[in-house]
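K.L.:
Here the structure of chain B is known, so what remains is to put chains Z, R, H, Y and F with the ligands in place on it, guided by the hints.
Residue numbers (our numbering), protein chains in the order written: chain B, 1 to 331; chain Z, 1 to 331; chain R, 1 to 331; chain H, 1 to 98; chain Y, 1 to 98; chain F, 1 to 98.
Read the hints as simulated data drawn from the structure, not as lab findings. For clarity, every value in this text was computed on a predicted model and none was experimentally measured. Check each hint, because a few of them may be wrong.
Unchecked claim - DSSO-like cross-link-like pairs, simulated, lysine-lysine; straight-line CA separation at most 27 angstroms: (1) H:2 x Y:2; (2) R:164 x B:202; (3) Y:2 x F:2; (4) H:2 x F:2; (5) B:202 x Z:164; (6) R:164 x Z:202.
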Amino acid sequence: MSAFLGNLGSPPLLFFFLGVMAVVVRSDLEIPGQVAKALSLYLLFAIGFKGGVALAESSIDSGMLLTLLAAMLLSAGIPVYAFFLMRRRMSTADAAAIAATYGSVSAVTFVTAAGYLDIQGVGWSGYLVAAMALMESPAIIVGILLYNHYGNRGSASASLFSWKQLVNESLFNASVFLILGSMCIGWITGSAGMNQVEPLVKGLFLGLLCLFLLDMGIVAARRFRDSRQAADGLAAGQPLRLMLAAAVGMPLLNAALGLGVAWLLGLSEGNALLFTVLVASGSYIAVPAAMRLALPEANPGTYLTMSLAITFPFNLLIGIPAYHAVIRWLL
Amino acid sequence: MSAFLGNLGSPPLLFFFLGVMAVVVRSDLEIPGQVAKALSLYLLFAIGFKGGVALAESSIDSGMLLTLLAAMLLSAGIPVYAFFLMRRRMSTADAAAIAATYGSVSAVTFVTAAGYLDIQGVGWSGYLVAAMALMESPAIIVGILLYNHYGNRGSASASLFSWKQLVNESLFNASVFLILGSMCIGWITGSAGMNQVEPLVKGLFLGLLCLFLLDMGIVAARRFRDSRQAADGLAAGQPLRLMLAAAVGMPLLNAALGLGVAWLLGLSEGNALLFTVLVASGSYIAVPAAMRLALPEANPGTYLTMSLAITFPFNLLIGIPAYHAVIRWLL
Amino acid sequence: MSAFLGNLGSPPLLFFFLGVMAVVVRSDLEIPGQVAKALSLYLLFAIGFKGGVALAESSIDSGMLLTLLAAMLLSAGIPVYAFFLMRRRMSTADAAAIAATYGSVSAVTFVTAAGYLDIQGVGWSGYLVAAMALMESPAIIVGILLYNHYGNRGSASASLFSWKQLVNESLFNASVFLILGSMCIGWITGSAGMNQVEPLVKGLFLGLLCLFLLDMGIVAARRFRDSRQAADGLAAGQPLRLMLAAAVGMPLLNAALGLGVAWLLGLSEGNALLFTVLVASGSYIAVPAAMRLALPEANPGTYLTMSLAITFPFNLLIGIPAYHAVIRWLL
Amino acid sequence: MKPCKRIEIVIEAPLAQRLAVRLRQLGAPGFTLIPDVRGAGDRGERRADELSGDSSNCLILIACDDQATVDRILEAVRPLLSSSGGVCLVSDALWLRH
Amino acid sequence: MKPCKRIEIVIEAPLAQRLAVRLRQLGAPGFTLIPDVRGAGDRGERRADELSGDSSNCLILIACDDQATVDRILEAVRPLLSSSGGVCLVSDALWLRH
Amino acid sequence: MKPCKRIEIVIEAPLAQRLAVRLRQLGAPGFTLIPDVRGAGDRGERRADELSGDSSNCLILIACDDQATVDRILEAVRPLLSSSGGVCLVSDALWLRH
Ligand SMILES: Nc1ncnc2c1ncn2[C@@H]1O[C@H](COP(=O)(O)O)[C@@H](O)[C@H]1O
Ligand SMILES: Nc1ncnc2c1ncn2[C@@H]1O[C@H](COP(=O)(O)O)[C@@H](O)[C@H]1O
Ligand SMILES: Nc1ncnc2c1ncn2[C@@H]1O[C@H](COP(=O)(O)O)[C@@H](O)[C@H]1O
Ligand code: NA
Ligand code: NA
Ligand code: NA
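Chain B with its partners taken away, still in its complex shape (with noise of 0.2 angstroms):
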């Protein structure tokens, strides 16, 4: 319980609700377009070195090698479940984008968790920086295949679609890049590169975290409010009760798979939190952005809602005290 005072009563949880609030009460608090997408560029500057100078100090073993294949199996695994469970109530382009979503991972989520782990004072390895990039690109691929063969195919957009231009962008898309690329560079130049960096990427990490989560209260809010909004209109997507179940449901039976998973790879406290919270976060940005062209017929009303309106919050605010309150007493 007081693990999850703890949290919510941290800064950057804190300013996640002060968002919320400023679009309940209508206010026009906004961080401008550019200097948010430039805060969420830091974060994954910043966690990608921190991990890859970690990654320098300890050496690589046959059990970080599991892990990440682990992850990437989960990856690609999930969306076949997770669309199966879906299409028994929606339409299989929403449930192929939703299957999508569920398999691929939140970077913010990844940043909270390790940035609530840094306020704990417990420690994590540096390659789970690695499994989150491994982990946005192959749900994508699985979830359009999956439609493909279940699905009518010749969508209309097919004709800017193309599956070479779609693998590259998400095995290369900016969040993967820039992560990957960070922390390969940190591994590089280890302690006397994070010598150099250390203000930047250590000194203001929280403090810069915690404007991010201002705005992502702000944008999973304003989300939310418009797909009620939206509800009876041609933007409407699923009834709100199911979308609820569904985006509450999907990170709670991903975090038991992962909590399974972890503990079969015997993974320390730390890293096993992180794990989790990698396997029952859904994707905003990677999967919309790959949806609207490869599978326009899917509508971002349904799945964006679900992952950035609901299961984001969730994960922040009780997914990750609670799934460390299970990794203590599995321990």
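P.N.:
Only chains Z, R, H, Y and F with the ligands this time, still in chain B's reference frame:
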């Protein structure tokens, strides 16, 4: 005298001059808009958080509550006398807009005064931050009420204007909301929270204030130049001499008022200065935005030029150290 | 050799490579435009302020003034020889634009060299910052004079071009103005001023330089790619081989010149390197902007590609450590 | 391709935000808004500068194939232009139906 | 001054990027793209918000004096509008030849 | 509603800044300028990138009801297009008088 020179010789003020110079020599130097906006949000966040943490370390007493009450009353009262003073030389709409402008406050002047106190090593209390937030809105409402009573109603944009929206917007406008929100979070998390965000909130404060004031110098000088160029077009406001007199007279009158009240309230040196600066400053963001919708007949070439291009630099360069000198002499 | 590897292995350079890689693998990684602009302003502000504070701690002597004079003369003289060299293979307009480009300087190359010296622990004097500012403009004026004398006048945009404006713009362009202004403020406020802004000006310097060079890597690589793609369109510049030869030859010739003058002036190790880097670098912001207005016949596909996509990376990766090695050997 | 009117409105940002809301009430089938547009006219120069309280313009584009709706929109825009300045142009276009 | 068609397309940013590439293949002599454009229509509101996966619109302007090319462009745009929404307007203009 | 010409000019940012100043001298009643516009044409791609010295385009819109002024503006724009590229379109519109 040395206080003046010390103030003028501090990096933030010198960067303000540099911005003015950039306009004078027609340099193309400019801080990109979104970054300037982000800098202003940062300053509100930092000052709010610092204020909140300071509040957590003191106890709420009746003196504090009295000060907040006095602040709100001044913000609502100043527009009344200012309106009748101005109406003798200006249109009712312009008089009402100026009244609202000087009843409300300039957050940047407040932040600069706080930075000035930090540099001088004089302490101040967190609740002044709350006073600032409470003073933004009452003046707007009083100004519009005055106009509706004494002016001809049925203004043209009225179709887009609603009282309900106006009240909501002045209560929850971005700067009020962010500063109060950050203050609450600082207050809740106290010094433990401060430890997490200190390098951002404290370490970078004066440096980023320099960059922000550089931009304010540009913005203020540009408006001063534009107002002179427009001297014969439709865009022209009142004659420059009248504007100068009013834009220096108002802060002096209000500063006297503020000093008196601060003295009656028995505020400490730092608090008295911040209180006086709040009363003496004039709004150039929230009020003009509201006036454009509610009083489109009022000319921004008058009220905005006065508060931004004359009163703001006046307070920055002369007002702050002058009020400080008087306070020292009074105490 | 180890100096080369040490340089290539430093975080700023590795982030430059990462930016290049992002373009090679067609990642969509990109620093938002306004933030990139703000980073470049930050670097000028920081290096200017540091230079000014350093200046405050030394005394102005004749060696300093001689160096500044030599810098201006080189900036005005290099375009003359470069013009006649280039005109043998290119149009008069292109030759004049290239001449101006290499007479002027690249602020980022200078800043990176200063960062390189900081990492290596080699000192340098503040007045070099002034040298940089003084070298931006003379080359522009000489380049246009050469074109007006040897080329056919009456260019089309001439209607929008005026000498008076050009001179004003090259003297007070944003980067010259900001760096000189920050230098003056650093000089006035000295170490007391530095204490106030140190976490921003010094603490974040290398970290933000990394992020900035990441963006420069993207920008330079993109231009290189574009210039190759345009090989047969109207947008094409000169043949790539010619451009490569000229864009590596010019910095080498100029570096030799710079080294010679630095040696004659008896500059210290750090100062000699910065002086050489200034002379060897080519402008890709101020000069192209001026050329577009004054010499629209010159093709940016030639002069801009040379300075941005070839000379800039060349100096960064090879030039700086190479010039340093020569200086060490000479001293 | 269906004939329609192409309405183009340049007004100050704070008004544009509210006009956008009003447009839906007036029955506009949709609109497109280009923010942070500079300009100059009778009331002097306007540039984007959030810090200064100066406000930039927005350009709003509305395709509308119903003349009654066009008229309603123009009636709503007219008083805004009188009090706060700006420009409203109407031209003919063909709307690609899909 | 040469008569030409002025094609104006408002579509979601990710599609616009790719449409721009396709336009050249279709023979468009050039195009101009205004990014970060807001709007509303049948599919609700669209605003620029890179963090949220929500995407803003782009406005693409094409001047084209060859009717066959115009038709090719319109045929390429039509299915995009059906699947992802947006607007395409065509009007007449005179192109200043230089 | 008064008939007028709608002039639309796409040129490189550094030229646009100066053209805007010139427009007033030529008697244009006003103008609207959309900054940071991307595009492609005969001279390759243009994108906003202040760091690289590459410059983006601006789109300038002018409503003008005086034919002599229109001609003066077009004469001033023509040489810019020849030397630095870009596009200028003229079309008819109705100007809502207020
Ligand atoms: N003739 C015009 N053509 C295009 N835009 C105009 C024109 N006149 C005014 N504008 C735009 O409308 C805004 C307000 O104009 P005004 O009310 O005349 O100052 C200006 O800032 C321009 O953006
Ligand atoms: N009638 C219209 N006039 C101008 N723009 C429109 C119109 N309808 C839709 N749009 C634009 O096209 C986008 C997608 O429209 P829709 O597919 O109808 O949701 C909107 O976000 C607007 O930017
Ligand atoms: N046919 C066209 N339609 C719309 N915009 C164009 C067209 N051709 C050129 N442009 C714009 O004008 C700029 C310069 O064109 P150009 O001089 O042909 O390279 C391009 O970057 C585009 O923004
Ligand atoms: Na997941
Ligand atoms: Na006040
Ligand atoms: Na040079």
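K.L.:
Among all the numbered hints in the text so far, which are the ones the structure does not match?
P.N.:
Violated hints (numbers, rising): 2, 5, 6; every other hint is consistent with the structure.
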